[in-house]
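K.L.:
Sequence:
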Amino acid sequence: MIARLLFAAMLLPGMATAGGGIVEAQYGADVDVYPHRIMGDIFEKQELRVVGDDGVTYSLTLPDNVFEDIAPRVADMDGDGLGDVVVVETDVNLGASLAIYSLGPDGLFKLAATPHIGQPARWLAPAGIADFNGDGQNDIAYVETPHLGKVLRFWTLRNGALVELDSAQGLTNHRIGEEFISGGARVCDGVAEVVTANGDWSRVFATRMVDGGLEFTDLGPYSAQALADALICP
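Numbering-wise (this note's numbering), the sequence shown opens with residue 1235 and increments by one.
Derived by calculation from the structure, the hints in this document are not laboratory data. Incorrect hints may appear among the rest.
Okay, the calculated beta carbon distance ranges per label pair [said to hold, decoys possible]:
#1 Gly1274 - Gly1404: 21 to 27 Å
#2 Phe1450 - Pro1349: 24 to 30 Å
#3 Asp1288 - Ala1460: 41 to 47 Å
#4 Thr1295 - Arg1437: 39 to 45 Å
Note that the Cβ used here is the ideal one computed from N, Cα and C, for glycine as well.
Can you make the complete structure from the sequences, with help from the hints?
P.N.:
Quick look at the structure:
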């Protein structure tokens, strides 16, 4: 069954609606409707709660899909100066997608999303949010199927839709059962890069966007500490 496109978005009782930016976000209670358990003991969620820059708390509950994620990420993704929230949203039959939610006059709404991977039990691990292509607007990077395909993908929001900028195989940032995502984004001397492991977790790599493609820098042998240290600019 393909999940309904409609979703329930509501304001908590007694609160007025207003558009604006998001300043905080968290997921609600655990649900057990999609026992993928790719993140160890972290269960999926169906409720997203955010605090707007007006101090009001807004809530949205998915009727069919789940948030298969460690934590939501607040960032301005459309360049309007207001915070949005980036999440991993999974269709139980079609796998994960990356989605952006924002605040409008009627509360939370889905601003844009990537296509679902295409089959159940297929996940993606966000790798970082930064201006990777240097156009002044935040982009998002994630590793699609970090345990199988290990594809690093870069996306940006254009005209209300997420557009893929580039991709590379053989990089990863998560191992089955881990309750965290390794690596992340770093900005050194004004250049944004994604720091990950290579496919067999033997090396640490930094990936940046350049004219005509992607550039990879081998930062040395992998260890958990080396990967964490690589997020600090030299």
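K.L.:
Taking the hints in turn, state whether each one holds.
P.N.:
Hint check:
1. The beta-carbon spacing between Gly1274 and Gly1404, approximately 25 Å, falls within the hinted interval of 21 to 27 Å.
2. Roughly 26 Å separates the CB atoms of Phe1450 and Pro1349, a value that falls within the hinted 24 to 30 Å.
3. The hinted window of 41 to 47 Å between Asp1288 and Ala1460 holds, with their beta carbons roughly 43 Å apart.
4. The hint said 39 to 45 Å for the Cβ distance between Thr1295 and Arg1437, and at roughly 42 Å that hint holds.
Checked against the numbered hints given earlier, this structure breaks none of them.
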